[in-house]
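Engineer: Based on the hints, put chains Z and Y in the right spot on chain S.
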Amino acid sequence: MKKILAVALSLVMLLAVSVPAFAVDIAKDGGTGEALVKTSTQNEDGEEAAGFTVSIPAENIIPWDSTETDFTYHITSQLAPAKAVSVEVKDADEVNQMTDVNGLTLPYWITNATATMTGPIVTDQACIFTINVDSTDGWDKAPVSEYSDTLLFTASIVDA
Amino acid sequence: MKKILAVALALVMMLAVCVPAFAFGEDISTNGGQSQTQLQTLTTDEEGNPVAGFTVSIPAAVEIPWGGTSTGDFLNWSYTSKLETGKQLSISVDKTSGNLTNGTDNLPYTLTGDAVGTAFLTGEEVTEGTVSKQIAIAVTGWGDVPVDAYSDTVTFTVDVVDIV
Amino acid sequence: MKKVLSLVVAVVMLCAIAVPAFAADITTDGGTGTTIIKTVTTTAGGEDAENFTVTIPGDTDITWGAESTTMTYYVESHLGYGKQVEVGVAGNGVMSYVASADDTFTLPYTLGGETAYAAESPVVYPAASLDFTVAINEEDWNRAVVGTYSDTLTFTAEVVTA
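Protein chains in written order, with this note's numbering: chain S, 1 to 160; chain Z, 1001 to 1164; chain Y, 2001 to 2162.
Hints should not be assumed to be uniformly reliable.
[Claimed, not checked] These stretches of chain Y come out as covered by chain S in the derived footprint (C-beta under 8 Å, 3 or more residues):
#	stretch
1	2023-2032
2	2074-2082
3	2133-2147
These are calculated hints, taken from the structure and not from any lab test.
All C-beta atoms in this analysis are idealised placements derived from N, C-alpha and C, irrespective of residue type, glycine included.
Just chain S, same shape as in the assembly (with noise of 0.2 Å):
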């Protein structure tokens, strides 16, 4: 009896995991009958449509003396319903220093440090983040070299 029971209940599970939706017979002379036409969320490889892509310049130059240099990244996305990408833009030891191979340094700040768009859908969103170098603390006072840092960009996905 358990044996019994044991197949049967697996025959169960194989049904419940493998059966898909059952077709609908009309058999009646002015009968109707309901199709369901739906999307699925995953592409047809599986893989889940709603994505983004954020895409980040290799380096951004600044000239010397330049007090305000802005930068653009992009945004492109298609996500679910009321979502939105937002990314922010900091300093990855958030310390605030250029530094140059003689180990000298330059501060600076960011600002526009933050962009969230509105909606799911984006495509192609140029992005500004501006770096800031004071000209009396920064560029006058640091000795003329090549001077960088390295940015953190963080992307996340938020409700818009």
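Structural biologist: Same frame as chain S, but now just chains Z and Y:
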């Protein structure tokens, strides 16, 4: 006397049972003589139920992957029929195009194939097995709406009509 | 054909230079990517960022009989690592008064103070204020024919490696 009556009664009963055999046709009583009798089917089965009928099978749901299928998306349906002489099925759907919707946004789609726009006539009373059909579903505007579950209903109507 | 190929190669190379390379694409919720910010040593106008300025006094009047007259010059520099500006002030040591075609009188002087300046770093900012003196002794004043004596002081600035 009793025995005679019993035999006579038996004979009468036998004749009563055999009577249908004597209800049709003519007696052949001459050498080489001929007579005819007619064979005929009923349109009901041995329980008396009408045997003429059909089945049009449509899917309860058709799921389209986001972005569509590269080889196309289809609503597969089929039919079998065993109808009376001079009858055929007329099968139609209620739309040629529409919008899949999530209640807020829409994905437009068009349908092409038999039964779309013009009713499909099967052209025969009896099908040889099950006949499979396809309606192509073309959805557009995938990139214009949020990723969500969008849906619409396609209604099939089946009528039995005369073969013209 | 060669000219056409050259043009095509030139265009391809130009395109290769002009297209900015993108560092990374972030595609996941909470995903991160990095980019580099970097200064260059040229300004937005394309000028070399390294520069210095030595601001020297204009014509200076020395009051008759003044034994010491102070003059000031200024030095500001924005140079690269390991460089410094050096400034020197020099004159002929004698001012001259041309009284006539045949008569020229002289008045000796000496320069003192900061007639030689060497910056201690590549950046001198704000500008350094440097004083030097023109000294004429009393005896020379007393011996001099009264007139207008003059000389030219030369300021020399150069960038040296520290």
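Engineer: Evaluate each hint against the coordinates.
Structural biologist: Going through the hints against the structure:
| no. | hint | in the structure |
| --- | --- | --- |
| 1 | 2023-2032 | holds (count 10) |
| 2 | 2074-2082 | holds (count 4) |
| 3 | 2133-2147 | violated (count 0) |
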